[in-house]
Structures are given as structure tokens and as C-alpha cells.
Amino acid sequence: MPANAPYELSIHEAQAMLRRRALSAIELTQSCLDRIRQVEPRVRALLTVCEEQALRDAREADRLLTSGEAADLTGIPYISKDVLCTTGVATTCGSRILEGFVPPYDATVIGRLRDQHAVLLGKSNMDEFAMGSSTEHSAYFPTSNPWKLDCVPGGSSGGSAAAVACCEAPFTLGSDTGGSIRQPAGFCGVVGLKPTYGRVSRYGLVAFASSLDQVGPFTRDAEDCAIVMNAIAGQCEMDGTSSPVPVPDYRSALKADLRGVRIGVPREYFIDGMQDAVRRSVEDAIRLLESLGATVDWNVSLPSTAYALAAYYIIAPCEASANLARFDGVKYGLSRDGATAEEMVIASRGAGFGAEVKRRIMLGTYALSSGYYDAYYLKAQKVRHLIGAEFDEAFRSYDVLATPTSPTVAFPLGSKTDDPIQMYLSDVFTLPVNIAGIPGLSLPCGLVDGLPVGLQLLANRFGEETLLHVAHAYQQQTDWHLRRPSL
Amino acid sequence: MALSSEEVRHIARLARLALSDAEIARYATDLSVILGHFQALQELSTDRVPAAAHASLLQNVTRDDTPRPSLPVEEVIANAPRKQDDCLRVPPILE
Chain A
424 MPANAPYELS IHEAQAMLRR RALSAIELTQ SCLDRIRQVE PRVRALLTVC EEQALRDARE
484 ADRLLTSGEA ADLTGIPYIS KDVLCTTGVA TTCGSRILEG FVPPYDATVI GRLRDQHAVL
544 LGKSNMDEFA MGSSTEHSAY FPTSNPWKLD CVPGGSSGGS AAAVACCEAP FTLGSDTGGS
604 IRQPAGFCGV VGLKPTYGRV SRYGLVAFAS SLDQVGPFTR DAEDCAIVMN AIAGQCEMDG
664 TSSPVPVPDY RSALKADLRG VRIGVPREYF IDGMQDAVRR SVEDAIRLLE SLGATVDWNV
724 SLPSTAYALA AYYIIAPCEA SANLARFDGV KYGLSRDGAT AEEMVIASRG AGFGAEVKRR
784 IMLGTYALSS GYYDAYYLKA QKVRHLIGAE FDEAFRSYDV LATPTSPTVA FPLGSKTDDP
844 IQMYLSDVFT LPVNIAGIPG LSLPCGLVDG LPVGLQLLAN RFGEETLLHV AHAYQQQTDW
904 HLRRPSL
Chain B
122 MALSSEEVRH IARLARLALS DAEIARYATD LSVILGHFQA LQELSTDRVP AAAHASLLQN
182 VTRDDTPRPS LPVEEVIANA PRKQDDCLRV PPILE
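First to last, the protein sequences are chains A and B. Residue 424 is where the first sequence starts when you use the numbering used here, and the numbers rise one by one after that. Residue 122 is where the second sequence starts when you use the numbering used here, and the numbers rise one by one after that.
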């Protein structure tokens, strides 16, 4: 591919060129659209491409850039996971039950990007209703990992991760309920941030598990992640769980020196059954952080970690079984006929939901049903308290915890679809973070057999600046984030 | 921890999900296996542990109940599969 084609630019590189008019928003947008046309037949990261609207928005961005009214992301193309509502652009959530749904309003994050005149290129593929770890549970088609086309990109935001990895857009949005941003970011070799619960508005995000869901960005590097967070973070009156904590300028957190930063390495995140090469890459990355001035304690313990998976797979399906009750064949999407309203609802849901979504609705309904509440849901919420308390305790001694993002690199397509437990285990290192509501960031730290390895960094609530600081310092010394799959 | 197909049918009914016989059999197996894994939680003593409700530190978020414009009816119901006179149309809910 030609060197430095516009589609290869990071946000901060493109921003500088747009500002000095060395590049127009139209050229940048057209370059990304051409790149999409070139790689999409192989990667299949996208469910919708809105070319006409994108070119129209890019033209308007150019007008603002010329007249000096540009914001940070004016003229920067992006792609949203198909879980966020976009006015006038189909939003399917990867499900047949929402086929043809065109939202009459924008999610808050989409609205904020629209206000800045960022350019929406399209909507990315995902596991249906964000339930999955490989994007194979999309009702439409699976997405390929750009590094190895017969492997999964991770999930559930697999399309968004793959799109950044193969340069279809400089940034994308995803959602993360148990690892759905960080795990695919790790598998695809890009930066993915799950912000603190409440840092980013969930208004207009199709709900999966409301106490765990967060929206966050995929980017090529930590600096771009900071730029996107500056645009999307902050309280929103349409989301009562969004936080009034002031939003800092995340870009000012980007320093190359790690002196004074205390890093803890929890031993429960280096388990039997993980790939040795993944363990080695992550340990090498932590040693590099140490060489930049951080102090590292290699023997931290978070003993309840082993129970997080079970607690998560009770809490999330319980919440999902309630949230997904709204899909009834009446207001939008797929509908089947029935002699009574109830028969219509039952038939519509049976026809519209895919296998994994049904499995989780069944699981959640069972766990919340009469006689089982104490044994499952209440027990899980108590474990949730324990996990949160252990993180609170750890962050009294450490600024950052460093772990692998997933126990393995990306696995082959089809290898786990028939075994839900094996699929769930690929999120074993990411889901404790949602249970506790803290922020987590995955960044590339190696390649194993041609597939990226993710380093996961965790901080205390509202510690996104610390994560970006450490990630940026690492990226000043390494080039894993600059490697690209050959497509 | 094995679920019978009768139990699975009962859960499907509570969840308002039409399932085929093949799906009933599949979920009886899947749910039994998954619930078996959850048994690990029972090892953990949580008698004195409070139940977390939420990862948010916020409580009782309220706002003034002020009227404001909403979306036009035709936009709100534009996605509905069946409609009539600005209303959503459904089969009878009462005999």
C-alpha cells in the first residue's frame, strides 16, 4: 500500500494536516471510503456504510476548517458500533429483531461527535446485542481478524476493533459490558478504552446490562484515545448514571516519564491454561514500564478474581433478560403475527433473537425466577461487592494494575461457537473490571504467530488519565501500535 | 444441576420466547452446564457481605419535572410494523 495514504493517518496526524489545509476532510473521507471498498470484502467489519451522508458531512467540515471554526474532531472520519443510535442511519445491534430500525434520535456520544463535525462513515458489526466474544454471534455475518483472516477479531465490538486495525477509519466507538472493547482491541492490536462506569453517557446505547455497560473508543494510539475521550466524556442529563465528576483534558496526561507511578501485577491474572507467549509478552511490557521509572510489585493478590466469571454470567444475563423485554414486535423491528398480543410477542421474539441471546435471556430469567433469586442473583451481587472492595484496597497501594487483556491471542473462527463456557472464558481478565466499574485500557504489546497480544491497564474510578499516561509512555518506546496487518 | 425440558419450557414461557423442541433440548443441556459452573460461588462465604447494587457512586439522581417538546408522533412510530391513526396496532389484548 502507498506510504502515508490519508486513511493510514492517526487522528492527531490528520488533525494537524486538516488544520494547515495540507489535507481536506473530503480527501480524508474519500480515502477511508476507498480503503473500506478495498478491504471490506475480506474483513467484513461493517454492517452499514453511509457514503453520501459522509461526503456531505465532510464538505461541511471543510467549510468550518477553512473559516477557522473547527473543533478537535472536525473532519475526522469514524465508525460506530451498531449498538449506538444514529439519526437516519439503520441501527441493528447485530440482530434480526432490529432489522430495518432507523432511529429518530442520536445517542449522546454520536450527538457530541456530530456537534464537532466528525464524519460518520458507517456502523460496525458486533455480536448480537453485544453478547459474545468473537463477533460470530452477529445475526448477519462473522468478521475476520485483519491479522489472520481465519481468526476472530474478538467481540462483541469486533467490527469496530477490526476497522481501526485495517485502517478503515482512524477511530471507532464500541461498548464494553464485560470486555467487549478491550478484548477485541487486544485481538486486533489497537488501543481500546472502557471508561469508568458513568464517565461516558449511555443514552442511545441499546442496553445490554445497564449496571455494567460503558461506551468507549478504539484508536491506533493513546494520544488519539485521549482526543476522543475529550469529545465524548462527561455528564448527560439523559443518563442518570452519568457522573458529575469534572472531565479533565486527557491530552495533558500524556507524558513519557513514569517516575512515581506504582504498578501492581495481580497473580490471579496469570493462570494455568493461558498461552506462555502471551504471558511473556505482557511480562516484557511491564518490565519496560519499570525501566521508564515505574515501580512494579509483581506479587499483588485479588483473591476473588476466580469468582468474577460466574458472578458476571449471573448479573449480566439477569439485567439483559429485563432490558430485552422491550423487543416485542410492536414498536420496531421484526414482527410475527399472532391471534393475541401475547402470541404475537412470543412468536416475534422467538423468530427475532439468535441462539446466544436466547441462551442469556433464558439464563437470566431462570436466575431471577421464584425460588432461585437468593442462590444466584443475590449471591452474585455479594461477590460483586467483594471484587469491588479488593480493587479499592489495591488502588490504595498502586496507581495501575497491569494484566494480560485475554489469556490467548485471537482464536480460529468457529473454534468456540459450540462451547459457551470456552467462549465466556476469553473474557476472564476483562469482566472483573465492569463488575467494579473501574476503567480499563488495552494496548498492543507483542505479536504471537502473527497475532497481536494485548496489555490491559486498570486504574481506580476516574483514573483514565493514569491509564493514558502509562499507555502513552509505553508507546513512546515501542512500535507495536505502529505495526499493521498486510491486507 | 440438570434442568428438565419441562423447566426449560417454563422459563421460556416466563421470558415470552417461542422455542422449538430442538432449542428446548439444547438449552436444557447448556443451562445445566452453565449453572453447574456457577456452583463455584457457593464455596465463597458471603454471610456478612452486603450485596452491591451498582458500580456507580451516585444516589437518587433527580431532575425537575419540566415539560419539553418531544419528537413528532409520526417519527416516533415510523419504525412500527403495524400502525393506524398515529397509534401502534396490536392484536386484541382482552377477549
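Everything labelled a hint here was simulated from the structure, so no lab data went into it. A virtual CB, placed ideally from N, CA and C, is assigned to each residue, including glycine. A few of these clues could be false.
[Unchecked claim] Calculated from the model, a selection of chain A residues having no Cβ within reach of chain B, i.e. all distances over 10 Å:
no.	residue
1	T471
2	G523
3	R702
4	H808
5	R884
[As the list claims (entries may be wrong)] Taking lysine to any residue and the SDA-like style, the derived pairs with C-alpha atoms no more than 20 Å apart in a straight line are:
no.	chain 1	residue 1	chain 2	residue 2
6	A	K571	A	G777
7	A	K571	A	S909
8	A	K754	B	L192
9	A	K754	B	A139
10	A	K754	B	G157
11	B	K204	A	R749
12	A	K754	B	Q205
13	A	K754	A	S909
14	A	K571	A	R907
15	B	K204	A	A762
16	A	K571	A	A770
17	B	K204	A	K678
18	B	K204	A	K571
19	B	K204	A	L487
20	B	K204	A	V719
21	A	K839	B	V194
22	A	K839	B	P212
23	A	K839	B	H158
24	A	K754	B	V197
25	A	K839	B	G157
26	B	K204	B	R189
27	A	K754	B	E196
28	B	K204	A	A770
29	A	K754	B	S153
30	B	K204	A	D760
31	A	K754	B	V154
32	A	K754	B	P212
33	A	K754	B	A201
34	A	K754	B	P193
35	B	K204	A	L757
36	A	K754	B	A199
37	A	K678	A	V719
38	A	K839	A	G777
Each hint tested on the structure:
1. No beta-carbon of chain B is positioned within 10 Å of the beta-carbon of T471 of chain A; the least distance is around 16 Å.
2. Listed as outside the interface, G523 of chain A is inconsistent with that label: its C-beta sits roughly 7 Å from the nearest C-beta of chain B, within the 10 Å cut-off.
3. With a cut of 10 Å on Cβ distances, R702 of chain A stays outside the contact zone with chain B, its closest approach being about 24 Å.
4. At roughly 4 Å, the least C-beta separation between H808 of chain A and chain B is not larger than 10 Å, which violates its mark as non-interface.
5. With a minimum CB-CB distance of about 7 Å to chain B, R884 of chain A fails to clear the 10 Å threshold, and the non-interface call is violated.
6. Only pairs whose Cα atoms come within 20 Å are accepted, and K571 of chain A paired with G777 of chain A is rejected, the gap being roughly 26 Å.
7. Our distance criterion of 20 Å between C-alpha atoms is met by K571 of chain A and S909 of chain A, whose separation comes to about 9 Å.
8. The straight-line distance between the Cα atoms of K754 of chain A and L192 of chain B is roughly 15 Å, inside the 20 Å bound, and the hint therefore holds.
9. Annotation: proposed proximity of K754 of chain A to A139 of chain B holds, straight-line Cα distance about 19 Å (limit 20 Å).
10. Straight-line distance between C-alpha atoms of K754 of chain A and G157 of chain B comes to about 37 Å, which puts the hinted pair past the 20 Å bound.
11. The suggested pairing of K204 of chain B with R749 of chain A holds, with an alpha-carbon distance near 17 Å, which does not exceed 20 Å.
12. The hinted pair formed by K754 of chain A and Q205 of chain B meets the criterion: a straight-line CA distance of about 13 Å does not exceed 20 Å.
13. Distance hint between K754 of chain A and S909 of chain A is unfulfilled; the C-alpha atoms sit about 44 Å from each other, more than 20 Å.
14. Restraint check for K571 of chain A and R907 of chain A: the C-alpha separation of about 12 Å stays at or below 20 Å, so the hint holds.
15. At most 20 Å may separate the alpha-carbon atoms for a hinted pair to count; K204 of chain B and A762 of chain A meet this at roughly 17 Å.
16. Of the pairs offered as hints, the one joining K571 of chain A and A770 of chain A is violated, with about 39 Å between alpha carbons and a cut-off of 20 Å exceeded.
17. With a C-alpha separation of about 57 Å, the suggested pair K204 of chain B and K678 of chain A falls outside the 20 Å cut-off, and the hint is violated.
18. Between the alpha carbons of K204 of chain B and K571 of chain A the distance comes to roughly 47 Å, so the proposed pair goes past 20 Å and is violated.
19. Under the criterion of a C-alpha separation no larger than 20 Å, the hint pairing K204 of chain B with L487 of chain A is inconsistent with the structure, at around 42 Å.
20. Restraint check: the Cα-Cα separation between K204 of chain B and V719 of chain A comes to about 63 Å, which exceeds 20 Å; the hinted pair is violated.
21. A distance of roughly 45 Å separates the Cα atoms of K839 of chain A and V194 of chain B; the hinted pair therefore is violated under the 20 Å criterion.
22. Between K839 of chain A and P212 of chain B, the direct Cα distance comes to roughly 41 Å. Violation of the 20 Å bound is thereby established for this hinted pair.
23. Restraint check: the Cα-Cα separation between K839 of chain A and H158 of chain B comes to about 17 Å, which is no more than 20 Å; the hinted pair holds.
24. For the suggested pair K754 of chain A and V197 of chain B, the alpha carbons sit about 9 Å apart, so the restraint of at most 20 Å is met.
25. Using a Cα cut-off of 20 Å, the hinted pair K839 of chain A and G157 of chain B holds, with the two alpha carbons roughly 19 Å apart.
26. Under the criterion of a C-alpha separation no larger than 20 Å, the hint pairing K204 of chain B with R189 of chain B is inconsistent with the structure, at around 25 Å.
27. For the hint linking K754 of chain A to E196 of chain B, the alpha-carbon distance of about 12 Å falls within 20 Å, and the restraint holds.
28. Proximity of K204 of chain B to A770 of chain A is assessed by CA-CA distance (about 19 Å); at most 20 Å being required, the pair is judged to hold.
29. Proximity of K754 of chain A to S153 of chain B is assessed by CA-CA distance (about 34 Å); at most 20 Å being required, the pair is judged violated.
30. For the given pair, K204 of chain B sits about 14 Å from D760 of chain A by alpha-carbon distance, which is consistent with the 20 Å threshold.
31. Only pairs whose Cα atoms come within 20 Å are accepted, and K754 of chain A paired with V154 of chain B is rejected, the gap being roughly 35 Å.
32. Distance restraint check for K754 of chain A and P212 of chain B: the Cα-Cα separation of roughly 13 Å lies within the 20 Å cut-off, and the hinted pair is therefore satisfied.
33. A threshold of 20 Å between alpha carbons decides the hint, and for K754 of chain A with A201 of chain B the separation of about 5 Å falls inside it, so the pair holds.
34. Annotation: proposed proximity of K754 of chain A to P193 of chain B holds, straight-line Cα distance about 15 Å (limit 20 Å).
35. Using a Cα cut-off of 20 Å, the hinted pair K204 of chain B and L757 of chain A holds, with the two alpha carbons roughly 14 Å apart.
36. Between K754 of chain A and A199 of chain B, the direct Cα distance comes to roughly 9 Å. Compliance with the 20 Å bound is thereby established for this hinted pair.
37. As the CA atoms of K678 of chain A and V719 of chain A are separated by approximately 18 Å, the hinted pair is consistent with the 20 Å bound.
38. Distance hint between K839 of chain A and G777 of chain A is fulfilled; the C-alpha atoms sit about 16 Å from each other, no more than 20 Å.
In this structure, the hints that do not hold are numbers 2, 4, 5, 6, 10, 13, 16, 17, 18, 19, 20, 21, 22, 26, 29, 31, in rising order.
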